[in-house]
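Student: Sequence:
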Amino acid sequence: MKLWQALALTISALSLFSCGTPQVLDVRPFHIRQVKVDDSDDPMIRGEFQRRFHGAISVEEQGQRMGYYYTVLWNDPSSTGAGEVVFEFQQGATGSRVKKMVHKIEPGETKGKAEFAIIGDDYRPKGEASAILAWRCKLYREGREVASRQSYLWQ
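Count the sequence shown with mature numbering (1 follows the signal peptide of the UniProt record, and there is no 0) and you get residues -20 to -1, 1 to 135, in order.
If you're looking for bench data, these hints aren't it; they were derived computationally from the structure. Predicted model, so just to flag it, every value in this text is computed and none were measured. Among these hints, one or two may not hold up.
Unchecked claim - With a cut-off of at most 25 angstroms between alpha-carbon atoms, the simulated DMTMM-like pairs for lysine to aspartate or glutamate come out as follows:
id	residue 1	residue 2
1	Lys91	Glu41
2	Lys118	Asp102
3	Lys93	Glu108
4	Lys16	Asp102
5	Lys84	Glu108
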């Protein structure tokens, strides 16, 4: 009987730990380094690759789609005012210069998705690929910062 009680206590404790608050901001990176995807790759990776390359027929068009893609999912039910998702990044080719991309959020939206792509000439300045060294993403609502995520190299 003591084993059963210990097991019940452990299960209830674990269920309490899993009841965390939902993430307000989630960043999902995807990097395309080559034009061809291997058949041995994960089906989800092949699907994402095909989605990003849809409509690119020539080799030049496919080359322009190589680069870094960041999908940002945000969920902020605490506020319904206007806001923005700000994505900042540093590249190897630009040194310490911080580049910024912004996605506007309309008033009334409490959740959504923003796509940021560093592709084409932004990805291949002077003909060679320029790696993203660090990135940071912030969610602003009504002028105040609500949430932030960053790569481990961001300073």
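Student: Assess, step by step, whether the Cα of lysine 91 is no farther than 25 angstroms from the Cα of glutamate 41, and give holds or violated.
Tutor: Measuring from Cα to Cα gives roughly 32 angstroms; hence the hint is violated.
Student: Given the hint that lysine 93 pairs with glutamate 108, does the C-alpha gap stay at or below 25 angstroms?
Tutor: Roughly 30 angstroms between the alpha carbons, so the hint for lysine 93 and glutamate 108 is violated.
Student: Just to be careful, I want the Cα atoms of lysine 84 and glutamate 108 compared with a cutoff of 25 angstroms; is the pair within it?
Tutor: Judged against 25 angstroms, a Cα distance of about 31 angstroms means the pair is violated.
Student: Take a quick look at whether lysine 16 and aspartate 102 sit within 25 angstroms of each other, Cα to Cα.
Tutor: 21 angstroms, holds
Student: Compare the distance between the alpha carbons of lysine 118 and aspartate 102 with 25 angstroms, and conclude whether the hinted pair is satisfied.
Tutor: 21 angstroms, holds
The structure does not agree with the numbered hints 1, 3 and 5 stated previously, though it agrees with the rest.
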